[in-house]
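Asks: Spelled out, the chains give:
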Amino acid sequence: GDSVTQTEGPVTVSESESLIINCTYSATSIAYPNLFWYVRYPGEGLQLLLKVITAGQKGSSRGFEATYNKETTSFHLQKASVQESDSAVYYCALGDSSNNRIFFGDGTQLVVKP
Amino acid sequence: EAAVTQSPRNKVAVTGGKVTLSCNQTNNHNNMYWYRQDTGHGLRLIHYSYGAGSTEKGDIPDGYKASRPSQENFSLILELATPSQTSVYFCASGETWGTYEQYFGPGTRLTVL
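If you read the sequences in order, they're chains P and X. All you need for our numbering is the position in the first sequence, starting with 1, plus 1236. All you need for our numbering is the position in the second sequence, starting with 1, plus 134.
Heads up, a few of these hints could be off.
A few chain P positions that, by computed beta-carbon distances, are all more than 12 Å from chain X [as the list claims (entries may be wrong)]:
1) Glu-1253
2) Ser-1254
3) Gln-1283
4) Gly-1292
5) Phe-1300
6) Asn-1305
7) Thr-1308
8) Ala-1316
9) Ser-1321
10) Ser-1334
11) Asn-1335
12) Arg-1337
No farther apart than 16 Å at their CA atoms in a straight line, the calculated lysine to aspartate or glutamate pairs in the EDC-like style are these [to be verified]:
13) X:Lys-152 to X:Asp-172
14) P:Lys-1287 to X:Glu-229
15) X:Lys-152 to X:Glu-213
16) P:Lys-1315 to P:Glu-1251
17) X:Lys-152 to X:Asp-196
18) P:Lys-1287 to X:Glu-213
Chain P is nowhere near these chain X residues, computed Cβ spacing over 12 Å in every case [unchecked claim]:
19) Val-148
20) Gly-150
21) Asn-164
22) Tyr-169
23) His-175
24) Leu-179
25) Asp-196
26) Gly-197
27) Lys-199
28) Pro-203
29) Gln-205
30) Thr-220
31) Thr-230
Hints were generated in silico from the structure; no laboratory data involved. These figures come from a predicted structure and were not determined experimentally. Don't be surprised by glycine CBs; every beta carbon is placed ideally from N, CA and C.
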């Protein structure tokens, strides 16, 4: 089926350290999947962090970046230097344009220590 | 200015009672969605809608009904609430073109005692 697997949290890093949150997907019934990273800050709803709709392309936002790798079916989220304000829950997601549905991973809580 | 709003933000209900969660969007999107989010499960789709008057079952529709009376409004109805429905519920509106991105409300925390 169609699903997303991501790094199990919580992930704890110190401020200014680098970050990688792994995400792999299975898109058995989706011909051209779109890939997303959403972020949920405490007390708020999910908001889009970045998106990539073409395999091989990289998306970036707020210092985060992720590359759509069709060969390894991966979309890992990376940041070179995290800040305390990056503490949140990050969701990798797979979009199916044929029915306008998005499949979400379980979320990874990121805790950035000052 | 928030484009997707939900009410109430917090709700405590009794087992067997009726609960209605409301969602309003000003994005003028055709699609709307209801998810629940539980620890260890991520977001799971309950019901969704492609426009006013339409509702579709998602992955976990049992125990829930949905109503889409207008483009802007989408409600989730628990006719007989159970403690297993204690969760955080998110509403979203979505594009029907481009990347099909979804835009989320702030969530409703429901506790069923």
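Asks: Can you give the numbers of the hints that this structure goes against, from lowest to highest?
Replies: 3, 10, 11, 12, 13, 18, 21, 22, 23, 24 and 31
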